[in-house]
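Chemist: Add chain B to chain A, keeping to what the hints say.
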Amino acid sequence: MHTVKLRLRTAAAAIIAILFILPLLWVLTSSLNPGNDFLRYLSPLSVESFVPLRPNFANYANLVQGDFGRAILNSLWVCFVTVVVGLAICASTAFGLSALRFRGAGIVFGVVVLSFLIPFDAIAIPLANLFRDWGLQNTYTGLILPGIGNGFTIFLLRQFFLAIPRELVEAARVDGMGWWGVFTRIYLPLSRPALVGAGLTLFLFQWQAYMWPLLIGTEPAKQLAPIALANLQGQFTVDFGQIFAGSLVLTLVPMILMLRFQRHFTQSMTTTGLKD
Amino acid sequence: MRDQQWLVALAFVAPGAIALVLLRVVPAVDAFLDSLQRTSVLRQTTSWVGLQNYVDLLQDPGFRQTVKVTAIFSLIVNPIQILTALLIALLLHKVLPGGRVWRAFVFIPVAVPAAVSTIIWGIAFQPNGLINAFLDVIGIGRQPFLTSPQQAMWSVLVMLSWIGVGYWMIFLIAGLQDIPASYYEAAKVDGAGTWRTFVNITLPLLRRPLAFVLVADTVSNFLVFAPIQILTNGGPENTTRLVMFDIYNKAYQVGDVNLAQAEVVLLVLVMAAIVSVQFWLLNRRGVD
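Protein chains in written order, with the UniProt record's numbering: chain A, 1 to 276; chain B, 1 to 288.
What the hints contain is simulated information worked out from the structure, not anything from laboratory work.
You may find that some hints are simply not true.
[Unchecked claim] Listed below are several chain A residues computed to face chain B (Cβ distance under 8 Å; list not exhaustive): (1) 14; (2) 20; (3) 44; (4) 90; (5) 112; (6) 115; (7) 141; (8) 145; (9) 179; (10) 208; (11) 226; (12) 240; (13) 243; (14) 250; (15) 251; (16) 255.
[Stated by the list, open to error] Derived Cβ-Cβ restraints for the label pairs, each shown as a range: (17) 5(A) x 179(B): 37 to 47 Å; (18) 219(A) x 98(B): 46 to 56 Å; (19) 179(B) x 252(A): 29 to 39 Å; (20) 98(B) x 256(A): 18 to 28 Å; (21) 174(A) x 179(B): 18 to 28 Å; (22) 4(A) x 179(B): 21 to 31 Å.
All values derive from a computational prediction rather than experimental measurement.
In this text, a Cβ means the ideal position worked out from N, Cα and C, and glycines have one as well.
Next up, chain A with everything else stripped away, as it sits in the complex:
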């Protein structure tokens, strides 16, 4: 490319990129200013809104002592169980639908497609009514359950499993390997990128959930982090420093995972048929 053109392109890319990152830089810096000090650097706007010259970690200390620390642990626990149980359930269903031939497979696949057609948020309110009837309100089970059966994840894994050569399975069967062995010793090890992508999808679903925990868990001891953060914001005297610190913590966890596994994530999305 021509040098002038390349420089223009790079300048445009840099400006856009900085506009996107600036709000987070502001959150980071404001979280390192004690209490509501960030307001001082806004009128007039100063560099100290974006560069923490005198970092102070008091907000983080206060945050951990309050309800938020407990809420973060709750969120981590809910996400952990969701990923482990959800992957096991989704992978085993996908295996059944791709490696095994059985009567009724069409019906099960129909259920997967049907559940895929109904976005979770759209039926969250009727589901919350049912969970109340089933006594799952204010329980970890109630918080975790919606995350484990994910039609989209099953669909993704099935697409991936279908690409595993049949001959491999037949050879293992002739050698006397059971279906459980085929699943755990052939399919799972060969599908690591797809499993990472699926696990990340399940994790993000729970970590970012706001509406469902709002509907199902009202008890303070079982509050999840996004709700605890929203409550901090709704209090009578708002401590913005703590809110900024909490926002940063809630963002960093998925950010690190996404940057680390982004390739798997987009790969598993694109191999489902977006690309030929």
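Modeler: Relative to chain A, chain B alone:
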């Protein structure tokens, strides 16, 4: 032997199938049944009323406002987000100095949970917040943003696009990188300019990821909830009363579960129609 294989298969698929039926199909059916009934809180009775809830809903000015707001919002937010994502993808998919860093910066807001970005932007939009501090610097007067009926929806739109654009950009960049370089070289030999190359080569070859992004973005913008519930409560003057918030409000604030369920059913039908297009796009491998 055959029966045994059937039992094995059943053991593998049953947990997932049961979870999906209980967590997706049953609530949808339950919403449908509830939407055909009416519960009287006073007399504690429930009776079948046919489609009366739907009739009531269509005659309710609040619901009409919601449909109008949601439709206008969808028609504005989706083209803006997709076009922005496409422009940034076109800029960032080529090799540039620092290219990986610029791409990461645009992508990072995707990691911010909806409730968190709502709260951050809520503070930024305050009268003495970050955005107004910027407007001061460039000499434009301070704006009310979330408390103004004219600006509230646009403020929500900016907030949602900050998260969304980086996400959709990733799919478009993947699509752009799949276009063989030889196509562009051939166009160059033919003397085609930048615009003609874009219209005749890039756009047609990007059709599939673009279609996916269009459908998936439309779905996600129909389901916007946290920004409305946390920041605007549907206001000011009902200008941000999007459908998910209206349903939540009907079920928990007004306490009219039957009417809320009728609205859920309508939403699920619209969603199912949109997602079936998406599913068809995903499942159509190597057709052309």
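Chemist: Hint by hint, work out which the structure violates, then give me just those numbers in ascending order.
Modeler: 7, 17 and 21
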